[in-house]
Amino acid sequence: MTRAVSLVVNGRPYTAETEDRTPLCDVLRHRLRLTGTHVGCEQGVCGACTVLVDGEPVRSCLMLAVQADGCRIETVEGLATEGALAPMQQALMAEHGLQCGFCTPGVLMSLAYAERARLTAEETVSEVLAGHLCRCTGYVGIRRAIERHWKTEEAAG
Amino acid sequence: MSRTDHAGPFIGRSMPRIHDPRLLVGHGRFVDDIDDSGALHAVVLRSPVPHGHIVAVDCAAALACGRALLVLGPDDLELLTDELPTAWRIPGQRARTVAVAARTVRYVGQPVGLVVASSRAEAEGLAELVRIDIEPLPAVLGLDAALAEGAPLLYPEDGTNVVGEIHFGDAPQELERVMASAAHVVERELTIQRVCHSPMEPRGLLAEWIPATRRLTVWSSTQSPHVVRQELATALRLRVDQVRVVAPDIGGSFGGKVTTYADEVMVCLAAVSLGRRVKWIEDRTENLTASYQGRGQRARARLALDGSGRFLALSAHITGDLGAFPIQAGTGPFQVTGLALEGPYRFERAGATVTAVHTNTVPTGAYRGYGMQEAAWIRERLIEEAARETGRDPLELRLLNLIQAEELPYTTRTGLGYDSGDYPAALRRAAALAEERARPSGDSVRRGVAVTPSVEITGFAPSALLEMFQIDWSGWESVRVRVSQDGTVTVFAGVIAIGQGIETTLAQIVADRLGVPIDWVAVELGDTDTAPYSDLTSQASRSLTLAGAALMQAADRMRERMFELAAYHLKAPREEVVLEGAEFRWPAGRTSLAWQEVTSRGWKGWGRSEPGRIRLEETADFDPPAITFSYSAHGAAVSVDLETGEIAVEDYWTVNDSGVLVNPLIAEGQIIGGVAQGLGIALTEEVVHDPVTGHSLTTGFTEYILPASADVPPVTVEHRSTPSAVIPGGFKGLGEGGVIPGPATVANAVAAAVPDIAECLTATPLSPARVWDALSATEAGRA
Ligand code: FES
Ligand code: FES
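From first to last, the protein sequence lines are chains F and A. For our numbering, count along the first sequence from 1 and bump the result up by 134. For our numbering, count along the second sequence from 1 and bump the result up by 236.
Here chain F stands alone, though its shape is the one from the complex (with noise of 0.2 Å):
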């Protein structure tokens, strides 16, 4: 059974045909072409497929394209501003909180929404980071970065 679903993806409105059971993060990487958002596990565990759905981080291997229908979608093909880096993916590479990059959009997707939910830089790596896994990094790049950012952030008010 096939439908169309009506998304607005990083400000852009698209309309793709869609199967009922096709997950929202297949839609984006293979109808969309927006391959920034990765897959590891399919099982809702490692969060690299994590996108905002009208703001609310969410794992688009778990959710289905059908029930974004009309949602607004963010994908870290959205962060970046006319091609400088947002202040936080400059963190990350500054503090080499990155090594293979497979888990990195995932991640900062969730530090996007934990910024604007105006968590701390401790929570933020309690609540938010616990829910990503890195294989290459040991996170520790991940938690100087986040600090790094947040403070930077504070100082700016």
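Simulated from the structure, these hints should not be mistaken for lab results. Note that this is a predicted model, so its numbers are computed, not measured. Using N, Cα and C, we set each Cβ at its ideal position, and we do this for glycine too. Misleading hints may appear alongside valid ones.
Residues from chain A shown here face chain F by an in silico Cβ test under 7 Å; the list is partial [unchecked claim]:
#1 Val261
#2 Gly264
#3 Pro435
#4 Glu437
#5 Gly735
#6 Ala830
#7 Ile908
#8 Val911
#9 Leu942
#10 Val948
Below, simulated DMTMM-like cross-link-like pairs (lysine to aspartate or glutamate); rule was C-alpha separation at most 25 Å, straight line [what the hints assert, rightly or not]:
#11 A/Lys840 / A/Asp859
#12 A/Lys840 / A/Glu796
#13 F/Lys285 / F/Glu190
#14 A/Lys840 / A/Glu800
#15 A/Lys807 / A/Asp792
#16 F/Lys285 / A/Asp792
#17 A/Lys840 / A/Glu853
#18 F/Lys285 / A/Glu819
#19 F/Lys285 / A/Asp947
Quick partial rundown of chain F residues pointing at chain A, CB under 10 Å, derived from the structure [claimed, not checked]:
#20 His172
#21 Gly212
#22 Gln223
#23 Ile276
Using the hints, position chain A with the ligands against chain F.
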């Protein structure tokens, strides 16, 4: 091309990685990200039983519905494929190849065939219709079952489940003689569990056969494109020049993507048969249950000391669980455990026997740390237990027996030739850091610290050494440097990028040596059409060490040619030309010429000194004259909850010497990443099989537990630098050092926290259940 403020020197600089931005904005290009328009999708058919004969694979129902484009079973595979070669064998081993077509299955998950359809969902549905008729055979799960009297045999023609055996170092009788006369002997049985590499990106490939050119292109998440190319050519009966393998971005590997798997051959065969693009992306359950695994060994080991605490002898019998069949690296990791057993210490005698055994489980092979982590586990647990049993301070005991700086170079009893460094200095420094970090125990929480030294085989290995042991690999690396007409620089290397930042470090080296801004440099890796040949690529802590050494040579030759050309055009004596800010100047003649002007004239052949040497390209092959050894000392501070048995690593620190560091920031990242994987082995990760059905019980990340952020404490990394004497540039490797001493260090810190259970700390992971069992048998646990 713009001028940049990125001025050298670049070697030794902690700079962010040059390719991070595209990964950060979502422009990574992993296999599953490549445009797959028009591709067909494959699903692998796998064995549901641990042991059995395939009677028939019935595809009729799947084919009848008209939606399957192809179904491959053992008959087709036998007709159309040859076996895959192995490289590192053990005396006695009969099998030298890995079959693509399985007639007898020997583990749950072994690939037996393939279904291809227009979508993955469709192929999955069709796979359910294929009936695999198997006559089950009794299976052996685990070493004890495999070695038991009258055990069912995986290969009845062998008459045993033992694959083969080898001995390193002093002869067994000699070891016995020393043991018999020693003042004190500690003996333990020490076990390391089976683990999964668990890269966040599973395996996967997109294969394309173009009938017009009769050429196969395979984009594969692999660590070894050239090896995969050769293996695919062999298995598919193609010429090597008909196969191109491209490794795009790789989402981690850690040793799990170093060879061609039978299922990957099937996907390529499907592409060739159909003349279409065929794609297959492994799912997480397949990755955890059917991709090759690591570790899985047990050792009975003894350490003999004299009355003053000096190490007289170290001996071990290592039994490795090779699984269903030997893969490319096969018993290599078990053999390295034997070879590397002594670590950084002096033993009057040392030796190890290594026995490899077949079981009805997934084959094991390379995993980051490659036998050295297992060796450190055996050795350092024994030393800690010896200190406890003889009432000595563990640090003093270690310092007493460490190889001293002035004893280097030093040859171990098993024949490893350590080159340079100061092992005691690293351990003393780690011990000083430990003092600052010790924290008090509470009523129900005990705390302890431990420090552990280790050495790491890096830059593996001289080709002559591999020849001597008849290991079917080459050890050299090759690099090509091209300076283009517009002055930009491209490095082509055989090593590949797996997240370790090699593109950046190679760019740093070439920018530094040539004296150009780093953003003029591009690094091209991973495509067998353009990359120099490499067997081992980025394994064995070798990519920067060996490709870096080759690049130093190629870049220095290129620099010399550029100066010669510049001198010609400036009409200046060569030795009076200087290069500043990408401009060649002759101060005495007050003339100058931009770097780009020299390169542009160079490509025209103007000013060339030899008619046969015009292109601004230099290639250097580098075969290491010897192995170069990194070393480190790791420290861990742990807490043990006496009520739950839960262990928390509260602090971790390392003192590491990997020679000249090109980029300390990246080096630190490599070490910390390795530490985290070591903590996984120490505390949570373990492949578990149902002993009756042979099915894995760890099929997802909720059962196979990877370290999460809360499991990894802050990690302090201190660097020391003793340049390698055998590697141009002075580099030593560091890809694996982070993982090697970790599990032993954690266990020894637990032993320090709760000495009552020290004797029971003989197997990883130190799960709460295992620790709680040990605790409940002691005073501490009952208190
Ligand atoms: S892919 Fe969705 S959580 Fe892992
Ligand atoms: S950077 Fe590789 S998984 Fe996180």
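We went through each hint and held it up to the structure:
At a threshold of 7 Å, the smallest CB-CB gap from A/Val261 to chain F is about 5 Å, leaving the interface hint in force. Interface restraint check: A/Gly264 against chain F, minimum CB-CB distance 5 Å, threshold 7 Å, status holds. A least Cβ separation of about 6 Å between A/Pro435 and chain F falls short of the 7 Å threshold, and the interface hint therefore holds. For A/Glu437, the interface hint holds, the least distance from its beta-carbon to any beta-carbon of chain F being 5 Å, beneath 7 Å.
With its C-beta approaching chain F no nearer than about 3 Å, A/Gly735 sits inside the 7 Å limit, and its interface hint holds. Interface restraint check for A/Ala830: the shortest CB-CB distance to chain F comes to about 28 Å, outside 7 Å, so the restraint is violated. For A/Ile908, the suggested interface contact is upheld, since its CB lies about 4 Å from the closest CB of chain F, less than 7 Å. Satisfaction of the interface hint for A/Val911 is found here, the shortest Cβ-Cβ separation to chain F being roughly 6 Å, below the 7 Å cut-off.
Interface restraint check: A/Leu942 against chain F, minimum CB-CB distance 5 Å, threshold 7 Å, status holds. For A/Val948, the interface hint holds, the least distance from its beta-carbon to any beta-carbon of chain F being 5 Å, beneath 7 Å. Taken as a hint, the A/Lys840 and A/Asp859 pair is broken in the structure, with Cα atoms around 33 Å apart against an allowance of 25 Å. A hinted pair counts as satisfied when its Cα atoms are at most 25 Å apart, and A/Lys840 with A/Glu796 qualifies at roughly 18 Å.
The hinted pair formed by F/Lys285 and F/Glu190 meets the criterion: a straight-line CA distance of about 24 Å does not exceed 25 Å. Among the hinted pairs, A/Lys840 with A/Glu800 is consistent with the structure: their alpha-carbon atoms are about 15 Å apart, no more than 25 Å. Restraint check for A/Lys807 and A/Asp792: satisfied, since their Cα atoms lie roughly 22 Å apart, inside the 25 Å limit. Straight-line distance between C-alpha atoms of F/Lys285 and A/Asp792 comes to about 44 Å, which puts the hinted pair past the 25 Å bound.
For the hint linking A/Lys840 to A/Glu853, the alpha-carbon distance of about 14 Å falls within 25 Å, and the restraint holds. A C-alpha spacing of about 41 Å is found between F/Lys285 and A/Glu819, which places the hinted pair above 25 Å, so the restraint is violated. Simply put, F/Lys285 and A/Asp947 have alpha-carbon atoms about 24 Å apart, close enough for the 25 Å limit, and the pair holds. A distance limit of 10 Å between C-beta atoms decides the matter here; for F/His172 the minimum to chain A is near 7 Å, and the interface restraint holds.
Contact between F/Gly212 and chain A, as hinted, is supported at the beta carbon level, the nearest pair being about 9 Å apart and thus within 10 Å. The beta carbon of F/Gln223 is positioned within 10 Å of a beta carbon in chain A (closest approach about 4 Å), and the interface hint is therefore held. Hint on F/Ile276 holds. Least Cβ distance to chain A is approximately 7 Å, under the 10 Å limit.
Comparing the model with each numbered hint stated earlier shows that hints 6, 11, 16 and 18 do not hold.
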